[in-house]
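Asks: Sequence:
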Amino acid sequence: MSQYDYLVVGSGLFGAVFAHEAAKAGKKVKVIEKRDHIAGNIYTKEVEGINIHEYGAHIFHTSDKAIWDYVNQFAEFNRYTNSPVANYKGEIYNLPFNMNTFN
1 MSQYDYLVVG SGLFGAVFAH EAAKAGKKVK VIEKRDHIAG NIYTKEVEGI
51 NIHEYGAHIF HTSDKAIWDY VNQFAEFNRY TNSPVANYKG EIYNLPFNMN
101 TFN
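Residue numbering for the sequence shown follows UniProt numbering, beginning at 1 and increasing consecutively.
It is possible that some hints are incorrect.
Said to hold, decoys possible - Once the Cα atoms are required to be at most 27 Å apart in a straight line, the calculated BS3-like pairs of lysine-lysine come out as:
#: 1; residue 1: Lys45; residue 2: Lys24
#: 2; residue 1: Lys24; residue 2: Lys34
#: 3; residue 1: Lys65; residue 2: Lys24
#: 4; residue 1: Lys30; residue 2: Lys45
#: 5; residue 1: Lys34; residue 2: Lys45
Stated by the list, open to error - Derived DEER-like restraints, expressed as beta-carbon distance ranges:
#: 6; residue 1: Glu21; residue 2: Tyr80; range: 21 to 29 Å
#: 7; residue 1: Lys27; residue 2: Ile92; range: 49 to 57 Å
#: 8; residue 1: His37; residue 2: Glu76; range: 14 to 22 Å
#: 9; residue 1: Val17; residue 2: Gly56; range: 19 to 27 Å
#: 10; residue 1: Ile92; residue 2: Ala57; range: 52 to 60 Å
#: 11; residue 1: Lys28; residue 2: Pro96; range: 45 to 53 Å
#: 12; residue 1: Ile67; residue 2: Tyr4; range: 23 to 31 Å
#: 13; residue 1: Asp5; residue 2: Pro96; range: 29 to 37 Å
#: 14; residue 1: Lys45; residue 2: Phe14; range: 15 to 23 Å
#: 15; residue 1: Ser83; residue 2: Lys28; range: 44 to 52 Å
#: 16; residue 1: Asp5; residue 2: Asn98; range: 42 to 50 Å
#: 17; residue 1: Asn98; residue 2: Leu7; range: 44 to 52 Å
#: 18; residue 1: Gly26; residue 2: Glu54; range: 28 to 36 Å
Calculated directly from the structure, the hints in this document are not laboratory data.
Idealized CB from N, CA, C, for every residue including glycine.
Using the sequences provided together with the hints, build the complete structure.
Replies: So, in structure tokens, the structure goes:
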């Protein structure tokens with residue numbers, strides 16, 4: 001008989017959520033991670049009071065209230081609206097472009 005109900009390889013976003021939910025449901029979970037931290041590429045660390053994105057900036061998007069409520073149990077999120085634009089011949093255009101952008 002196995003010591004664990006689940007073996008999770010990698011503690012990135014999926015692995016961490018799966019392991020957390022399985023453990024919360026009373027399952028025995030073992031997580032194997034090659035890095036010295038959890039959270040995979042969304043890992044952040046604090047350096048002199050500043051939150052640093054170790055592997056580059058990330059933007060979390062969802063319109064699903066249940067998902068938003070779930071992730072807010074674990075972290076405080078800053079409100080951010082991604083509004084990319086491009087300057088073409090002195091005119092500002094919203095991205096992404098579409099077939100009518102330059103007509």
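Asks: Each hint should be assessed against the structure and marked as holding or not.
Replies: To see whether the hints hold, each was checked on the structure:
With a C-alpha separation of about 25 Å, the suggested pairing of Lys45 with Lys24 holds against the 27 Å cut-off. With a C-alpha separation of about 24 Å, the suggested pairing of Lys24 with Lys34 holds against the 27 Å cut-off. About 21 Å separates the Cα atoms of Lys65 and Lys24, which keeps this hinted pair within 27 Å; it holds. Only pairs whose Cα atoms come within 27 Å are accepted, and Lys30 paired with Lys45 is accepted, the gap being roughly 24 Å.
At roughly 17 Å between alpha-carbon atoms, Lys34 and Lys45 fall within 27 Å of each other, so this suggested pair holds. Range check, Glu21 to Tyr80: about 27 Å between beta-carbon atoms, so the 21 to 29 Å window is met. Take Lys27 and Ile92: their Cβ atoms lie about 53 Å apart, and the range 49 to 57 Å holds. Our hint of 14 to 22 Å for His37 and Glu76 holds, since their Cβ atoms are close to 19 Å apart.
Range check, Val17 to Gly56: Cβ separation about 21 Å, and the 19 to 27 Å hint holds. Ile92 and Ala57 have their C-beta atoms about 23 Å apart, which leaves the hinted 52 to 60 Å range violated. Under the hint 45 to 53 Å, the C-beta atoms of Lys28 and Pro96, about 46 Å apart, fit the expected range. For Ile67 paired with Tyr4, a C-beta distance near 27 Å keeps the hint of 23 to 31 Å intact.
Look at Asp5 against Pro96: about 44 Å separates their beta carbons, and that is not inside 29 to 37 Å. The hinted range of 15 to 23 Å is satisfied by Lys45 and Phe14, whose Cβ atoms lie roughly 21 Å apart. A hinted range of 44 to 52 Å for the beta carbons of Ser83 and Lys28 is consistent with their spacing of about 46 Å. Between Asp5 and Asn98, the C-beta spacing of about 49 Å keeps the proposed range 42 to 50 Å intact.
At about 46 Å, the CB distance of Asn98 to Leu7 agrees with the hint of 44 to 52 Å. Restraint check, Gly26 to Glu54: a C-beta distance of roughly 33 Å satisfies the suggested window 28 to 36 Å.
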